[in-house]
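S.K.: These are the residues of each chain, in order.
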Amino acid sequence: MSVPVDVPGRGVALVPDCLVNPAAPRYAYLELAPPDLLAILGRCGFGLLQLPSHVAGDPEEGQGVTGLARDAADYARAGFVVVVLAVAQVPDGAVWRPALRRELDRWGAAPLPELVLDAAGFPASAVESFLTTQLTSRQTVPAPPA
Amino acid sequence: MELGPDAMTRQVAFLTHSLLNPAADAGRHPASRGPVPPLVSTLRDLGCELVQLPAAEVGHLGVRRWWQSREMLDTPGFRAHCRRLAGPVLRQVEQFRAAGYDAVVIGADGSPSCGVRTTAGEAGWGGRPTEVDDPVPVAGQGVWIEVLRAAFADAGLTFPRATGFDIGLAEAEVPRAVHELRRFLRQSATGLAV
Numbered sequence: 001m002s003v004p005v006d007v008p009g010r011g012v013a014l015v016p017d018c019l020v021n022p023a024a025p026r027y028a029y030l031e032l033a034p035p036d037l038l039a040i041l042g043r044c045g046f047g048l049l050q051l052p053s054h055v056a057g058d059p060e061e062g063q064g065v066t067g068l069a070r071d072a073a074d075y076a077r078a079g080f081v082v083v084v085l086a087v088a089q090v091p092d093g094a095v096w097r098p099a100l101r102r103e104l105d106r107w108g109a110a111p112l113p114e115l116v117l118d119a120a121g122f123p124a125s126a127v128e129s130f131l132t133t134q135l136t137s138r139q140t141v142p143a144p145p146a
Numbered sequence: 147m148e149l150g151p152d153a154m155t156r157q158v159a160f161l162t163h164s165l166l167n168p169a170a171d172a173g174r175h176p177a178s179r180g181p182v183p184p185l186v187s188t189l190r191d192l193g194c195e196l197v198q199l200p201a202a203e204v205g206h207l208g209v210r211r212w213w214q215s216r217e218m219l220d221t222p223g224f225r226a227h228c229r230r231l232a233g234p235v236l237r238q239v240e241q242f243r244a245a246g247y248d249a250v251v252i253g254a255d256g257s258p259s260c261g262v263r264t265t266a267g268e269a270g271w272g273g274r275p276t277e278v279d280d281p282v283p284v285a286g287q288g289v290w291i292e293v294l295r296a297a298f299a300d301a302g303l304t305f306p307r308a309t310g311f312d313i314g315l316a317e318a319e320v321p322r323a324v325h326e327l328r329r330f331l332r333q334s335a336t337g338l339a340v
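Residue numbers (the numbering used here), protein chains in the order written: chain A, 1 to 146; chain B, 147 to 340.
With the rest of the complex left out, here is chain A (with noise of 0.2 Å):
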């Protein structure tokens, strides 16, 4: 699929750590064989916010889901597309959904929209169709009357 070259850069993923690394040792039980999702994001205008890693038991850990969620918020507020991807295959999707929604929710942000993917492997094309999507019926939506 071919990604428009007018969408501006107005998105943001929140992705669980194993799409950004899934060649670490921890996640080998997954075996894991995703296209390459950062450059996936780049050439749809999205930026990275990558989860803690599922396997950390933590949901605080590193840039912990609680201050991801409230910078989801604002960057919807701002008027930036935000979406999750997330792993069939793991509890939770590998998103710490209870968490992130529950703090989403806190922030008064509506439930983001979520595109579950086979750990085992899906083509680049689903992600961008997914994103594109999501851009491009962000855009349609009339400006509000000045």
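Residues from chain A shown here face chain B by an in silico Cβ test under 7 Å; the list is partial:
1) V12
2) V20
3) A24
4) L38
5) L41
6) G42
7) F46
8) G47
9) L48
10) Q50
11) E61
12) G62
13) Q63
14) D74
15) Y75
16) A78
Because the hints were derived from the structure by calculation, they are not lab data. All values reported here derive from a predicted model rather than from experimental measurement. For every residue, glycine included, the Cβ atom is placed at its ideal position computed from N, Cα and C.
With chain A's structure known, arrange chain B on it following the hints.
M.R.: Then chain B, alone, in the frame of chain A:
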């Protein structure tokens, strides 16, 4: 965190936030739309794992903030905010080290918060917004990096070897920056000084 038993020779790069999310950049580099390609591909080529550091400026001032200079961010409030962010980062770095990883930090050079080798020095900025030129890069580190480094020192820990990558480089300058980065990473992994 269980990092895996065969991690002895691996390397992990802690990247300042905007290198993977230019949306956090307050529009300083409008051409950047996603993770910085030459940086990411270089790290991936060398088998480096990536960890994104918290967006200190976004968490403190928000996505819609104006451009900042180092002087504007160098406040007790921002430093306290950075200090809070530093704790989980220290623990994460130590977990990777305990599993045998070589941890490095890569900052966004020229950034008032995340610069490692250069930062944005504009002592005259502040007050009523006006049209401004790009901030002048000056030698030194950004406030978030400085606080993070101090947090390691206070905990008696060695700060990871660090370098910077400038998102705003002209295309012709990128190959040299990539070459420097490769050299830095290889030397980090083998324990040699740069």
